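S.K.: Residue-level listing of the chains:
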Amino acid sequence: MNPKRKQRLILVLFLVFGFAAVVGLMLVALKENINLFYSPSQIVNGEAPEGARIRVGGMVVNGSVSRDNQSLLVSFQLTDYKSTVAVQYSGILPDLFREGQGIVAMGKVSGRGLLVADEVLAKHDEKYMPPEVSDALKKAGKQEDGSDIIPAQSSEK
Amino acid sequence: MWAFFHRLGSPKWFYDISGKWLPWFGGLAVLTLATGIVWALLYAPADYQQGNSFRIIYIHVPAAILAQSCFMMMAVAGAIGLIWKMKLADMFVKAAAPVGASFTFLALFTGAVWGKPTWGTWWVWDARLTAMLILLFLYFGVIALQAAIEDFSVAAKASAVLALVGLVNIPIIKYSVEWWNTLHQPATFKLTEKPAMPAEMWVPLLVMVIGFYSFFAVVILLRTRNEILERERRTRWVKDIVLSKVK
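Protein chains in written order, with my numbering: chain P, 1 to 157; chain C, 1 to 247.
Some hints here could point you the wrong way.
Here chain P is said to cover these stretches of chain C; the calculated rule only asks that three of the stretch's residues, wherever they fall, bring their Cβ under 8 Å from a Cβ of chain P [claimed, not checked]:
1. 39–50
2. 76–89
3. 122–131
The calculated BS3-like cross-link candidates involving lysine-lysine, where the alpha carbons are at most 30 Å apart (straight line), are [said to hold, decoys possible]:
4. C/Lys-85 / C/Lys-190
5. P/Lys-138 / C/Lys-157
6. P/Lys-4 / C/Lys-85
These are computed hints drawn from the structure, not numbers from a lab. Computed from a prediction, not measured in an experiment: that's the story for all the values here. Glycine included, every Cβ here is placed at the ideal spot set by N, Cα and C.
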C-alpha cells in the first residue's frame with residue numbers, strides 16, 4: 001500500500017474508533033437515563049425519584065388483578081421476582097395485558113410503593129409460537145418457555 | 001481478489017457486468033418476495049398471543065435488517081472512496097442513501113403500526129426506537145449533503161465521513177435491547193442459539209429476508225448504473241451506448 005493511502009487509512013480508522021469511543025463514553029455516562037423503566041426492586045430500594053413521572057416495568061403477578069365494577073379502575077401488582085410494586089390504573093388496557101405478562105406502567109410513585117399509573121404498555125417478549133403449541137404446553141403444565149408453571153421463577157423477558 | 005477490486009475502479013467494466021447481474025437478482029427478488037408474502041400471510045400460523053398482527057414481522061424484520069446493512073455497506077464504500085479514491089464507491093454511497101432511508105422508514109412505520117395494538121402505543125422513546133430514528137436522520141444527512149454540495153468529489157468526501165461517523169450507531173441499535181431496559185423485545189434470532197420461533201414461522205421470514213436483499217440489489221444496481229451514465233456522460237463508451245439506443 002502506498003504511504004499516502006496508508007495515511008488515509010489510518011485517518012479513517014482514527015475517525016471511526018475515536019468517534020465510537022466518544023459515543024461509548026457518553027452512553028456509559030448516561031446509562032441510567034437511557035433505561036426506559038425502573039424495576040420494582042429499584043422502586044422499593046428508593047432509587048426512583050418520588051413524585052416525578054417514571055416508568056416501572058415488570059411481570060403482572062398472577063391473581064393480583066382486580067377491576068372496579070363501576071369504573072375503569074384496575075389495580076394489580078408488578079414484580080421482578082425480587083420485589084413487588086402495587087399499581088393503580090384507570091383506563092383501557094392493551095390487548096396483551098394479562099396476568100403473568102410483562103408490562104410497563106407510567107405514573108407517579110405515591111409513597112410505600114404504590115404507583116398511580118396514567119399509561120400502561122404491554123411488553124412483548126421475543127418468543128413466538130402458534131396457538132396450538134401453547135395450548136399443548138399448558139396441558140402439559142409447562143410455561144411458554146418450557147419451565148414448569150407452578151414456581152414463578154423465570155426471569156423477566 | 002485484487003484483480004476484481006482493481007476492475008471495480010472502472011465504471012465501464014461495472015456497467016457491463018452489472019447489466020448481466022440484473023435479470024438474475026430481479027428474477028430472484030420476484031420469486032422470493034412472491035413466495036414469501038403468500039406463505040407469510042396465508043400459510044404461516046398465527047401467534048398465540050398477538051394473533052394475526054404478528055405477521056407484520058415479515059415486513060418489519062427484513063426492512064430493519066436491510067436498513068442497518070445498507071448503512072454498513074455505505075460506510076465501507078465511503079472508506080474505500082476516501083482511501084483508494086474509487087469513483088464507483090462514491091457513486092454507491094450516493095445511490096444507496098435514499099434506498100436505506102426508505103427501508104428505515106418502513107421499519108419504523110411497520111413497528112409503529114404493530115406497536116399500537118401490541119404495546120398500546122405508536123411510539124415510545126426507548127433506546128431501540130430512538131437509535132433507529134437517529135439512523136433515519138443519518139440517512140437524511142447523507143442525502144442532504146449529496147444534494148447541497150455541487151462538487152462531486154467534495155460531496156462524496158463529506159458523505160463518506162458522515163457514514164463512517166454514523167457507523168457507531170449500528171452496534172447501538174443492535175445491542176440497545178440488551179444494554180438497557182427497553183419496551184422493544186430482544187432479538188428473536190441469534191447466531192448462537194436456535195430461534196425462539198418454530199420453523200413454520202421463521203422459514204417464510206428467511207425467504208422474505210432473501211427477497212428484500214435481492215430487491216435491494218436490483219434497486220442499488222439500477223441507481224448506480226444511472227449514476228455512472230450521468231457522470232461518465234462525456235466519455236466515448238457512454239456516447240456509444242446512447243447512440244445505439246437512439247438508432
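S.K.: Indicate, hint by hint, whether the structure satisfies it.
M.R.: So, going through the hints one by one against the coordinates:
1. Here the segment 39–50 of chain C counts 6 residues with a CB under 8 Å from a CB of chain P, which clears the bar of 3, and the coverage holds.
2. Given as covered by chain P, the segment 76–89 of chain C passes the check, having 4 residues with a CB less than 8 Å from a CB of that chain where 3 are the minimum.
3. Counting residues of the segment 122–131 of chain C whose beta-carbon sits less than 8 Å from any beta-carbon of chain P gives 4, enough to reach three: the coverage restraint holds.
4. Under the criterion of a C-alpha separation no larger than 30 Å, the hint pairing C/Lys-85 with C/Lys-190 is inconsistent with the structure, at around 37 Å.
5. Annotation: proposed proximity of P/Lys-138 to C/Lys-157 is violated, straight-line Cα distance about 59 Å (limit 30 Å).
6. A C-alpha spacing of about 11 Å is found between P/Lys-4 and C/Lys-85, which places the hinted pair at or below 30 Å, so the restraint holds.
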